[in-house]
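Residue numbers for the sequence shown follow the numbering used here, beginning at 9 and rising by one.
Note that these hints are calculated values from the structure, not bench results. Positions of the beta carbon are idealized from the N, C-alpha and C atoms, including for glycine. Be a bit skeptical, because a hint or two may be false.
Stated by the list, open to error - No more than 16 angstroms apart at the CA atoms, straight line, and that leaves these computed lysine to aspartate or glutamate pairs for EDC-like:
1) Lys240 <-> Glu196
2) Lys338 <-> Asp206
3) Lys275 <-> Glu141
4) Lys182 <-> Glu210
5) Lys233 <-> Glu173
6) Lys233 <-> Glu320
7) Lys201 <-> Asp214
8) Lys275 <-> Glu292
9) Lys233 <-> Glu331
10) Lys235 <-> Glu314
11) Lys182 <-> Asp260
12) Lys275 <-> Glu317
13) Lys258 <-> Glu292
14) Lys201 <-> Asp245
15) Lys235 <-> Glu319
16) Lys338 <-> Asp260
17) Lys165 <-> Asp95
18) Lys268 <-> Asp206
19) Lys201 <-> Asp217
As the list claims (entries may be wrong) - Cβ-Cβ distance ranges computed for the label pairs, FRET-style:
20) Thr326 <-> Ile103: 46 to 56 angstroms
21) Thr51 <-> Ile114: 17 to 27 angstroms
22) Thr326 <-> Glu196: 16 to 26 angstroms
23) Pro315 <-> Phe65: 48 to 58 angstroms
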Amino acid sequence: MISIAIGLSVILLLVILFLLFRIGTLTSIFRGSSERAAGTTKTSNKVNGALLLLFLFGGGAAFVWSFVKYWEEMNQPLASVHGDWTDSLFWTTMIIIGIVFVITQILLFLYAYKYQHQDNKRAYYYPHNNKIEIVWTMIPAVVMALLVFGGWQTWTKITSASPEESVVVEVMGKQFSWMVRYPGADNELGVAKTTLIDATNEFGIDFSDRAALDDFMPREIHVPKGKPVLLKIRSRDVIHSVFLPHFRVKMDAVPGMPTKFWFVPTKSTQDMRNETGNPDFNYEVACTEVCGRGHFAMRFLLVVDEPEEYEEWLASQTPFIEENPDLLAKFQTESEKQLVLKNTSEKKAEEVKTEL
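Whenever a hint applies, use it, and build me the whole structure from the sequences.
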């Protein structure tokens with residue numbers, strides 16, 4: 009807060025100085041004193057040029073300071089294979105663009121000072137130069153093409169098909185929380201339908217599907233270290249966005265359009281606690297799409313276990329249907345009704361056929 013207050017104070021001071029010089033110039037003009045106005049204009053040009061140089065050095069110093077001061081906050085520790093690819097692409101792009109940005113900004117402010125208006129100077133008429141235009145067109149085009157190609161390669165690796173041995177986790181967003189579902193021993197998620205959603209069956213799982221009978225829904229996500237994890241993502245209402253900052257995972261959850269993302273965690277939760285020196289450190293799932301008034305509350309814990317610990321946790325989980333047996337009875341009853349209706353319709357069709 010102190011840094012923000014100091015920055016705002018400096019900006020306000022510069023604005024006040026600029027306005028004071030502008031007021032002096034306008035006052036001279038309105039009084040009809042051309043000589044005084046000319047002198048004031050020259051003074052204003054010098055002052056404005058000096059202020060631009062001051063802004064260049066002050067802004068550059070503040071830029072460097074902010075990077076050094078908040079480097080750790082800006083760069084969360086990396087904990088996935090995909091994150092290394094993403095970070096490499098990001099910093100390659102930032103370095104190239106950053107160099108161009110620094111050069112152009114230095115030239116912009118230096119030229120504003122050097123070529124300020126003076127009565128004894130006249131602008132040089134330089135209408136056209138094919139060679140220069142080709143150079144400053146081709147160089148950015150080639151650089152941007154290389155960056156796009158590198159981005160395409162990284163994106164292709166990130167969005168490629170997940171390995172068959174991947175741990176499957178379904179993540180569903182709703183206002184304003186996350187829910188997760190695991191496929192159980194068969195490693196196959198049961199069918200889910202929006203028409204089956206109710207207060208108990210929030211996923212809308214069709215428990216007449218045998219694959220759904222061993223699905224379970226824990227209160228936090230657990231994944232094994234060093235093994236691929238496939239997130240199957242969907243939304244129940246509006247657009248949300250799954251964000252795992254330490255794994256560099258971000259994918260929108262769109263209603264009616266399932267998405268996915270797979271990654272390989274490289275550091276367990278305990279590894280990260282040891283690395284950061286924070287015994288309370290936890291990975292978490294956040295929502296980065298403003299989805300309503302309760303958007304801030306969309307937080308879900310993710311635990312990266314050692315493979316042996318993960319297997320123990322997996323074995324301790326109870327299928328959702330065992331925790332809610334009444335729900336299964338409901339689906340069995342509906343299934344029986346459907347079977348009766350099917351048999352009845354087939355019987356009537358056979359009777360009609362016999363009569364004909």
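Evaluation of the provided hints:
1. Lys240 <-> Glu196: Roughly 12 angstroms between the alpha carbons, so the hint for Lys240 and Glu196 holds.
2. Lys338 <-> Asp206: 13 angstroms, holds
3. Lys275 <-> Glu141: 50 angstroms, violated
4. Lys182 <-> Glu210: 10 angstroms, holds
5. Lys233 <-> Glu173: OK: Lys233 and Glu173 at ~13 angstroms, within 16 angstroms.
6. Lys233 <-> Glu320: Holds. Lys233 to Glu320 sits at ~14 angstroms (cutoff 16 angstroms).
7. Lys201 <-> Asp214: 7 angstroms, holds
8. Lys275 <-> Glu292: Distance ~14 angstroms between Lys275 and Glu292 Cα, so the pair holds.
9. Lys233 <-> Glu331: Measuring from Cα to Cα gives roughly 29 angstroms; hence the hint is violated.
10. Lys235 <-> Glu314: 10 angstroms, holds
11. Lys182 <-> Asp260: 13 angstroms, holds
12. Lys275 <-> Glu317: With a Cα-Cα distance of about 14 angstroms, the restraint between Lys275 and Glu317 holds, given a limit of 16 angstroms.
13. Lys258 <-> Glu292: OK: Lys258 and Glu292 at ~12 angstroms, within 16 angstroms.
14. Lys201 <-> Asp245: Cα-Cα ~13 angstroms, so holds.
15. Lys235 <-> Glu319: Given pair Lys235, Glu319 holds - Cα atoms ~12 angstroms apart, limit 16 angstroms.
16. Lys338 <-> Asp260: Violated - the C-alpha atoms of Asp260 and Lys338 are around 34 angstroms apart, more than 16 angstroms.
17. Lys165 <-> Asp95: 14 angstroms, holds
18. Lys268 <-> Asp206: With Cα atoms ~25 angstroms apart, Lys268 and Asp206 exceed 16 angstroms; violated.
19. Lys201 <-> Asp217: 11 angstroms, holds
20. Thr326 <-> Ile103: 46 to 56 angstroms: 51 angstroms, holds
21. Thr51 <-> Ile114: 17 to 27 angstroms: 25 angstroms, holds
22. Thr326 <-> Glu196: 16 to 26 angstroms: 18 angstroms, holds
23. Pro315 <-> Phe65: 48 to 58 angstroms: Cβ of Pro315 to Cβ of Phe65: about 54 angstroms, so the range 48 to 58 angstroms holds.
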